[in-house]
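Protein chains: 2
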Amino acid sequence: MTPTEAATTWLTAFDRALAAGDIEAAVELFADESYWRDLVTFTWNIATVEGHDGVRDLLRSCLASTGPGNWRLDGEATETDGVVEAWITFETEVARGNGHLRLVDGTCFTLLTAMTELKGHEEPSGDRRPMGVEHGADPERRSWLERRRAEAADLGYGTQPYCVIIGGGQGGIGLGARLRQLGVPTIIVERNERPGDSWRNRYKSLCLHDPVWYDHLPYLKFPDNWPVFSPKDKIGDWLEMYTTVMELNYWSSTECLGASYDEAAGEWTVEVVRHGPDGDPDRDEAVTLRPTQLVLATGMSGRPNVPEIPGADSFEGDIHHSSGHRDSAAYAGKRCIVLGSNNSAHDICAALWESGAAEVTMIQRSSTHIARSETLMELALGDLYSERAVASGVTTEMADMIFASIPYRIMHRFQIPVYEAMAEQDAEFYEALEKAGFLLDWGDDGSGLFMKYLRRGSGYYIDVGASQLVIDGKIKLRSGVNIERIEPNSVVLTDGSELPADLIVLATGYGSMNGWAAELISQEVADKVGKCWGLGSDTTKDPGPWEGEERNMWKPTKQDNLWFHGGNLHQSRHYSLYLALQLKARMEGIPTPVYGMGEVHHLS
Amino acid sequence: MTPTEAATTWLTAFDRALAAGDIEAAVELFADESYWRDLVTFTWNIATVEGHDGVRDLLRSCLASTGPGNWRLDGEATETDGVVEAWITFETEVARGNGHLRLVDGTCFTLLTAMTELKGHEEPSGDRRPMGVEHGADPERRSWLERRRAEAADLGYGTQPYCVIIGGGQGGIGLGARLRQLGVPTIIVERNERPGDSWRNRYKSLCLHDPVWYDHLPYLKFPDNWPVFSPKDKIGDWLEMYTTVMELNYWSSTECLGASYDEAAGEWTVEVVRHGPDGDPDRDEAVTLRPTQLVLATGMSGRPNVPEIPGADSFEGDIHHSSGHRDSAAYAGKRCIVLGSNNSAHDICAALWESGAAEVTMIQRSSTHIARSETLMELALGDLYSERAVASGVTTEMADMIFASIPYRIMHRFQIPVYEAMAEQDAEFYEALEKAGFLLDWGDDGSGLFMKYLRRGSGYYIDVGASQLVIDGKIKLRSGVNIERIEPNSVVLTDGSELPADLIVLATGYGSMNGWAAELISQEVADKVGKCWGLGSDTTKDPGPWEGEERNMWKPTKQDNLWFHGGNLHQSRHYSLYLALQLKARMEGIPTPVYGMGEVHHLS
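Chains as they are written, first to last, in the numbering used here: chain A, 850 to 1453; chain B, 850 to 1453.
Honestly, the hints are just simulated from the structure, not real lab data. Do not rely on the hints blindly, as some may be mistaken.
Pairs count within a copy or across copies, as identical chains cannot be separated in the list.
What the hints assert, rightly or not - No farther apart than 25 Å at their CA atoms in a straight line, the calculated lysine to any residue pairs in the SDA-like style are these: (1) Lys968 with Arg865; (2) Lys1323 with Asp987; (3) Lys1284 with Gly1231; (4) Lys1183 with Pro1394; (5) Lys1390 with Thr1357; (6) Lys1070 with Glu1246; (7) Lys1070 with Asp1059; (8) Lys1070 with Arg978; (9) Lys1323 with Gly985; (10) Lys1390 with Glu1373; (11) Lys1070 with Ala1229; (12) Lys1070 with Leu912; (13) Lys1377 with Lys1390; (14) Lys1323 with Leu967; (15) Lys968 with Gly1007; (16) Lys1070 with Thr853; (17) Lys1070 with Leu1418; (18) Lys1323 with Pro988.
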């Protein structure tokens, strides 16, 4: 049997079982170890079920209301090491979907089902794109500009948006673009003056740590001459132009003061202040928005963790969180302490050293995973997101789906060998780092950087040069210690040593996104929805039990009509589709029975 | 023999003949009726030679200096109606090229050779894209923003640009983007305040008459949700963001006062004034630029033809050229006369009618070609530039090359049947127009709209609705007459009749681009280079003799280091590549012996 025949046989049997409502027959098509990941099509959730019990449970809850059918292979199936892989398409009563299938010995090992569009609500793209001009003559004609201006003036005043997104970084912007295409009236609220400022306002040497192929926004790809690692101001300009070109209703210089949900009315009250030009407070305008849906897209690294360190108030130099570190040049000749050893800590140490700081000391409290950027690109990303991948026909959309097709439960299995190869390839580098006293780790199970990101969103540095400064002693390192207290002109470490200091940067990371809900809505709502992010892998900073998916991200939460959106550019791009479809379905009154709403296990 | 074998056989023989310097053997590979169109590879010109004599002449002049080789088929050849077609690639000593071949009975009917890149000066794209971040630590590091700002502040002051482009519409912007990628220091001078204003400042109902697939700029395609016909303000926004994203040195609010060429120094002196914000003349800054190359990209429709009509000074209403017509709404209730019957005349008549003008009268002086937009898209553009073309794998780049592969000499042969089909398909429409008194034509030889555009750049309207207003008498029509004189409150036509008038719009077209050279440089230089545009087809407004290519466009002129760039978005996109490569080669000191500089036959 060819791979295509094998996949067709399976898909036909699956289709037949589902059409007949024969859940047990469908269950038998899955292997004992098997994973079905569904993005919104059956579950109206982002959920992965495991094994026969999981498949049975999902189908018992969802099959009748989903009405799936028209399952087809998309292209030819392939086979590698006994695993048959195939792209698929299918329909439900209300939507079209695509997905991916892996078979071992004719039974399903992994199945991914993902919604692409709602029937009758297809995006106006390609064959469906707008005409732009309306042919014929019409005395009531309004030009594109007139309509655009009228909409911008009316939305939030005369007409309430269906959705408000708090946070206009890449996450809010990408989601806003999808909602615009789906015809969901949306306002994006952003406190900065211009789209892209959340990048522009950071330290000057910052570049994206992920390469360009990984970073595309929806609809409009970076051109082929775009740098591999976008400089912060350049990505800022891109986001700004994207916001214009995609015709987003983007309220910049606008602060959200608070939000509350009226359960009875099914409506949020969102209080915002639109700041006047040049920050003139006399021109501030308070506006109350009343959307049905509220999305927090304030960044999974939005709310700084600021440790309380005794004596901080007495410090005579500058002290700030890494998120507030802008101008390293101001610290030329100064003695600088950076608390932390992840990405920002390394970047800021290097920027300070480059700017001629008299002394830069990194305080490493606990071990950190380091991956050299070149090696990471080559070994971890190259097959999916690279010039090589593009050349071999792996589009961004395909790469996203391939990535999504690997269940989180077993993803580490695929990651561990990558990092074993990395350790070997860069052995000298790691040896030198350890010799410099740096505390290295590879994640609890050796699965490296990406699993750390998915589990805890922290714990690593993608090396673009700072590690060599550590090795060379240009960035001084104090590892295995913390800051015990701060004196007016120094810090005292937990080992009793004292370091003179003019600057202290707290590169101490960020809290869970539900902290934003606490700040903007209430502690009660924050506790109700619980911790955001993390898989429940029972590894450091990602306590169990196993959740199967990122907690609360891009999917329904325990608070009606409250959503969290974020992640890196890849995740924002891909999962904004599923979040946008969930919002659109609700706006259109399409039934969206949610399967698999778990318990909240952690508050933050 | 398969098509691929036939093409391979021919190409091998051609390669062998050229490699051996056997010009006669190469000549024999061409049919008696044959055309070789070269875009910069052999000729350092844009030139088409015809038949054995033409091929022989080209090779005698260019073969030795070109050093072509490595001719290969690109993909499989195809055969339709006895014509074998193939894509090819090749190299010269200094460049790489691609092209297209048509064989009939094994001999060459058409050959297109086009430069894609200069060896050693490849664009930093794809595999060659910049890294963005410089890994490692460098105390001298300047961020992308710092470098960008330093360059913008220095260019034109501390450092002279190699090239100055006058005119920052889509033509200047697209060319500027290519030059930036090729590392040619360039300043674009634009009198408007913002990129895109040349569109924004026009009448409000204006949309592009060409569809989106035809209109892409280099490097960055419109997204799939872009309207078929871009509204003017939307394309304006796109051009503005493109200018930023492509990092162009764009001097907006800047007027060019004049330019002169120092033959001895090989350098232009270009006097410009950079206007201050809000037009405050105290903040005007005079700058003298000294580029080696000067490009006029002021638009092939840049300099208005304003007829002198007796009595115009006495007119008590408004009178302006169509290029200055912005706000039709101001003429609600007014009696409006529009002189002319091409695109702008129709658009403005419709806009005035829509705005509630009391009376709109079109004065049609001579016959006009009308093509309904839908039919034009379906019959004339659909195979190359449409969603259908995209779906069948015809990329924009392929479409451009297919279009370029058809020699101008015989292009009308392919066009005539298209317009015969159009006449038949829309017969009722044309009948109704004629019944309304409209004077129709299809071009001197029935070859329709696109040949009119290529030959004379005028003489047609792409109907998006105004023709129905003419048919219905909502736009009143006076055809076969002209305005004899203007009275304070009326116009008197050549048939003696008088029409009351509050507004007169002169939709009377534009002069040749060398008029801009007269205005900015000197009448002497304008006369030296002669008329721009037109093929010498010996049809109305395109006097012979035959030139083979558009006069003076995108190629060397009789004035050293003076170039003309323009055309519609398709032409600006495609031919900006060849103009940019010509400029880059000169900057790098690569020999560029120009073949086929013809005589100047017409001054304007």
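Original post:
Quick one: Lys968 to Arg865, C-alpha cut-off 25 Å, is that within a copy, between copies, both, or neither?
Top reply: Within. Shortest intra-copy distance 22 Å satisfies the 25 Å Cα cut-off; inter-copy 59 Å does not.
**OP:** Could you figure out if Lys1284 and Gly1231 sit no more than 25 Å apart (CA to CA) within one copy, between two copies, both or neither?
**Re:** neither (30 Å within a copy, 67 Å between copies)
**OP:** Tell me, please, which holds for Lys1390 and Thr1357 at an alpha-carbon limit of 25 Å: within, between, both or neither?
**Re:** Cα proximity of Lys1390 and Thr1357: one copy only (14 Å, versus 74 Å across).
Subject >> Within, between, both or neither: Lys1323, Leu967 at alpha-carbon 25 Å >> reply: Classified as neither; 56 Å inside a copy, 43 Å across copies.
Subject >> Within, between, both or neither, where Lys1070 and Thr853 count as close if Cα-Cα is 25 Å or less >> reply: neither (32 Å within a copy, 35 Å between copies)
Original post:
Is the C-alpha distance from Lys1390 to Glu1373 at most 25 Å within one copy, between copies, in both cases, or in neither?
Top reply: Cα proximity of Lys1390 and Glu1373: one copy only (23 Å, versus 78 Å across).
Subject >> Same-copy or cross-copy closeness of Lys1323 to Asp987 [CA-CA at most 25 Å] >> reply: Answer is between: at 12 Å across copies they meet the 25 Å cutoff, but 71 Å inside does not.
Subject >> Up to 25 Å CA-CA - Arg978 versus Lys1070, copy category >> reply: both (18 Å within a copy, 15 Å between copies)
Original post:
Are the CA atoms of Lys1070 and Asp1059 at most 25 Å apart within a copy, between copies, both, or neither?
Top reply: both (15 Å within a copy, 23 Å between copies)
**OP:** Have a look at Lys1070 and Ala1229 and pick one of within, between, both or neither, based on CA distance no larger than 25 Å.
**Re:** within (22 Å within a copy, 30 Å between copies)
Original post:
Should Lys1070 paired with Leu1418 be assigned to within, between, both, or neither, using CA atoms and 25 Å as the limit?
Top reply: Both. Shortest intra-copy (12 Å) and inter-copy (21 Å) distances satisfy the 25 Å Cα cut-off.
Original post:
Which holds for Lys968 with Gly1007 at a C-alpha limit of 25 Å: within a copy, between copies, both or neither?
Top reply: neither (30 Å within a copy, 60 Å between copies)
When each numbered hint is compared with the structure, violations occur for hints 3, 4, 12, 14, 15, 16.
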